[in-house]
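Just so you know, the protein sequences line up as chains C and D, in that order. Under the working numbering, the first residue of the first sequence is numbered 1, with each subsequent residue one higher. Under the working numbering, the first residue of the second sequence is numbered 1001, with each subsequent residue one higher.
It cannot be assumed that every hint is accurate.
To be verified - Facing chain C, according to a computed beta carbon distance under 8 Å, are these residues of chain D, among others: (1) K1516; (2) I1517; (3) A1520; (4) I1523; (5) V1524; (6) M1660.
Rather than coming from a laboratory, the hints here were simulated on the basis of the structure. Don't be surprised by glycine CBs; every beta carbon is placed ideally from N, CA and C.
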Amino acid sequence: MNHLLQNILAFTLLFLALGFLVKKFFWKNSKPTKDIGKHDCDNCH
Amino acid sequence: MSKQINVALIGNPNTGKTSVFNSLTGLNQKVGNYPGITVEKKEGICKLPRGVKAHIIDLPGTYSLNASSLDENVVIELLLNKNDKDFPDVAVVVSDVENLKRNLLLFTQIKDLEIPTVLVINMSDRMKYKGISLDIPYLESQLQTKIALVSTRKNEGIDNLKTLISNYKELSITPCLNASEIDKEYFDNLRKAFPNQLLYKLWLVITQDVNFGKTDRNEIDAVADFKTKTKADLKRLQQKETIKRYQFINNTLKKGQTIDLSTAKDLRIKLDRILTHKIWGYAIFLVILLTIFQAIYDWSAIPMDFIDSSFASLSEWTKNSLPEGAFTSLLAEGIIPGLGGIVIFIPQIAFLFLFISVLEESGYMSRVVFLMDRGMRRFGLSGKSVVPLISGTACAIPAIMATRNIESWKERLITILVTPFTTCSARLPVYLIIISLVIPEGRFLGLGYQALTLMLLYLIGFGAALISAMILNKVLKIKSKSFFVVEMPNYKLPLIKNVALTVVEKTKSFVFGAGKIILAISIVLWFLASYGPGEEFNNAEEIVTEKFASKHLTEEELQNEIASQKLEYSFIGLTGRAIEPAIRPLGYDWKIGIAIVSSFAAREVFVGTLATIYSVGSDEEETIKNRMAGEVNPILGGPLFNFASGISLLLFYAFAMQCMSTLAIVKRETNSWKWPILQLVLMSVFAYVVAFIAFQILI
Chain C
1 MNHLLQNILA
11 FTLLFLALGF
21 LVKKFFWKNS
31 KPTKDIGKHD
41 CDNCH
Chain D
1001 MSKQINVALI
1011 GNPNTGKTSV
1021 FNSLTGLNQK
1031 VGNYPGITVE
1041 KKEGICKLPR
1051 GVKAHIIDLP
1061 GTYSLNASSL
1071 DENVVIELLL
1081 NKNDKDFPDV
1091 AVVVSDVENL
1101 KRNLLLFTQI
1111 KDLEIPTVLV
1121 INMSDRMKYK
1131 GISLDIPYLE
1141 SQLQTKIALV
1151 STRKNEGIDN
1161 LKTLISNYKE
1171 LSITPCLNAS
1181 EIDKEYFDNL
1191 RKAFPNQLLY
1201 KLWLVITQDV
1211 NFGKTDRNEI
1221 DAVADFKTKT
1231 KADLKRLQQK
1241 ETIKRYQFIN
1251 NTLKKGQTID
1261 LSTAKDLRIK
1271 LDRILTHKIW
1281 GYAIFLVILL
1291 TIFQAIYDWS
1301 AIPMDFIDSS
1311 FASLSEWTKN
1321 SLPEGAFTSL
1331 LAEGIIPGLG
1341 GIVIFIPQIA
1351 FLFLFISVLE
1361 ESGYMSRVVF
1371 LMDRGMRRFG
1381 LSGKSVVPLI
1391 SGTACAIPAI
1401 MATRNIESWK
1411 ERLITILVTP
1421 FTTCSARLPV
1431 YLIIISLVIP
1441 EGRFLGLGYQ
1451 ALTLMLLYLI
1461 GFGAALISAM
1471 ILNKVLKIKS
1481 KSFFVVEMPN
1491 YKLPLIKNVA
1501 LTVVEKTKSF
1511 VFGAGKIILA
1521 ISIVLWFLAS
1531 YGPGEEFNNA
1541 EEIVTEKFAS
1551 KHLTEEELQN
1561 EIASQKLEYS
1571 FIGLTGRAIE
1581 PAIRPLGYDW
1591 KIGIAIVSSF
1601 AAREVFVGTL
1611 ATIYSVGSDE
1621 EETIKNRMAG
1631 EVNPILGGPL
1641 FNFASGISLL
1651 LFYAFAMQCM
1661 STLAIVKRET
1671 NSWKWPILQL
1681 VLMSVFAYVV
1691 AFIAFQILI
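With the rest of the complex left out, here is chain C:
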């Protein structure tokens, strides 16, 4: 049971991490932006 709970927690974190990375680097923002872009360097460094 303990192992099952540990696996659920670990895999939940994995999916959250993958979701965050996909959103961060591969998700196209559908909102129109001004000509300079929407990048915020503080978010990646």
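Since chain C is already given, all that's left is putting chain D on it; use the hints.
Chain D in isolation, oriented as in the chain C frame:
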């Protein structure tokens, strides 16, 4: 509920606007971005008398409302759009007592938008040194405003300013200049066409080079039934407006301001002569750089060791205290070492920004820009390229944005293409860990070899940018001309509060910004390193036990061999080994290969990746540095991170375009995939070749 008003803090650059903002808001401030653009938005809350709260926005510095850059657009866009949620109830224009004449131009423009405006005359403590005296009641009557004489350095006048802001309803909104005076016939027609609009606002919309929000200048042209002016005519009228404003300002200051040069004591000219001297200027700059890099190393050694060992202990404690299982391993071997890989660099990052902030606050940085301009032209760059190249030491993204004020397309393109060579703060963690592993700790003339290497890497980055600029200048056949103007602010003792706020803000954004990515990548890497396909991974224990049956290994040695076998046949091990042939000639193994690939998201991920890979399966309490130092080269034997492979890795990171975000911004700024792809291919090939040559020579 207490009432809240919007206050816009506006002023020319170098007037101490941010110091006034810091004095008003203290720590009640936050920094973000304007929606859709990378212009910094600083806002904060200030308590005013009678229970009124002020929401204060520190707008980007601008010389006038005739916008020529994206920063300046932000100011005018807000002031023209009454529907904006941040539209100010009152504008506070900050001026510098020594440059009152020039600063008042912006004040008169804002006043003419009929926004209640308070004038702050800052740096009042310098009046006696400069022999300046002001007739405040006269100035207030001529400018039809209230004036706050402020010294942020001595914390004087801030309470008076708060009172003036809270009494904003009593401020006159009478314009300083009658807009019709610019061109009576044209403005009369404009008034007839738009009877309900403020004339000066219309004029600003018509004369700007871009459209602002919902106020479109083409609409004005379309609605007006009179002949619109040509661009040249509009420029001429803008000049006429500026002359009229200065006539008004000169008349006001003639009686309101007295300057007695005989009582002025000024060191500025003498200092400028030395600091911008064509030999001494460079020598002093070099000494300052050496001191900075040495101090970064000397001062941060103790806190770094403490952080490193704390994370190692935390990881060990987690492993021993929590029940055994996947989640515990993920915490102890994935997340904690991964985060340790970024937190460890907080002291050095903080010290770097401390020095940069002190140099900027003191006014010295502008002298450096001026000094560098001379050399820049020889490399086909503009003096304006210095700012992107220097700000590239923090991050290439805003640096590339900063090229927008370079008028010549050729110079701008060259600057965009070469800026990623300058050593950004994301390279710093990679440099620091590799240097600490492969460069000895000895000293030469009091300067540590490690600090000298770090400085050399900064110089190599800057040199690579200049040389590639020179080559691009010859290769690119685009004709253009440009000029360079830089304002030299007065020398000032840096305000501790301003410096501290900058250091905290920059370090925080570095740690939290990178931290999120590193945390996510650490989790993914842990999974890839802890699971694998095939028999070699799943039956690792049986295979290793059988393989070493005759060698009588201790239990610990056997466990290490099993962990090693599992890592080698895990998903990450198989991927790493697939790319290993390509990187082996540079002196790297597959683990470094994985770190290089993952750090394409952000360079600093490199250290976190290695920390996670080396932690998986390891039971010992070890620091990141010791784990890396203990790695053995599987082919050549001996330490994996030796002088040859270390230098090769440093040079690879110095030249490689390891940043997805920079490529994206180059694409956006050049409006083409051609330039970022060219940049990626050329920089990567160059980095590979240099790293290859370095390793083969040094091995």
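Structure-based check of all given hints:
With 8 Å as the threshold, the beta carbon of D/K1516 comes within range of chain C, its nearest partner Cβ sitting at about 7 Å, so the hint holds. Because the beta carbon of D/I1517 sits about 7 Å from the nearest beta carbon in chain C, less than 8 Å, this interface hint is met. A hinted interface residue such as D/A1520 counts as satisfied when its beta carbon comes closer than 8 Å to some beta carbon of chain C; here the least separation is about 4 Å, so the hint holds. Annotation: D/I1523 was flagged as interfacial toward chain C, and the flag holds, the nearest CB pair being 4 Å apart, inside 8 Å.
For the restraint placing D/V1524 at the interface with chain C, the shortest Cβ-Cβ distance is roughly 6 Å, inside the 8 Å limit, so the hint holds. The interface hint given for D/M1660 is met, as the beta carbon of that residue sits about 6 Å from the closest beta carbon of chain C, less than 8 Å.
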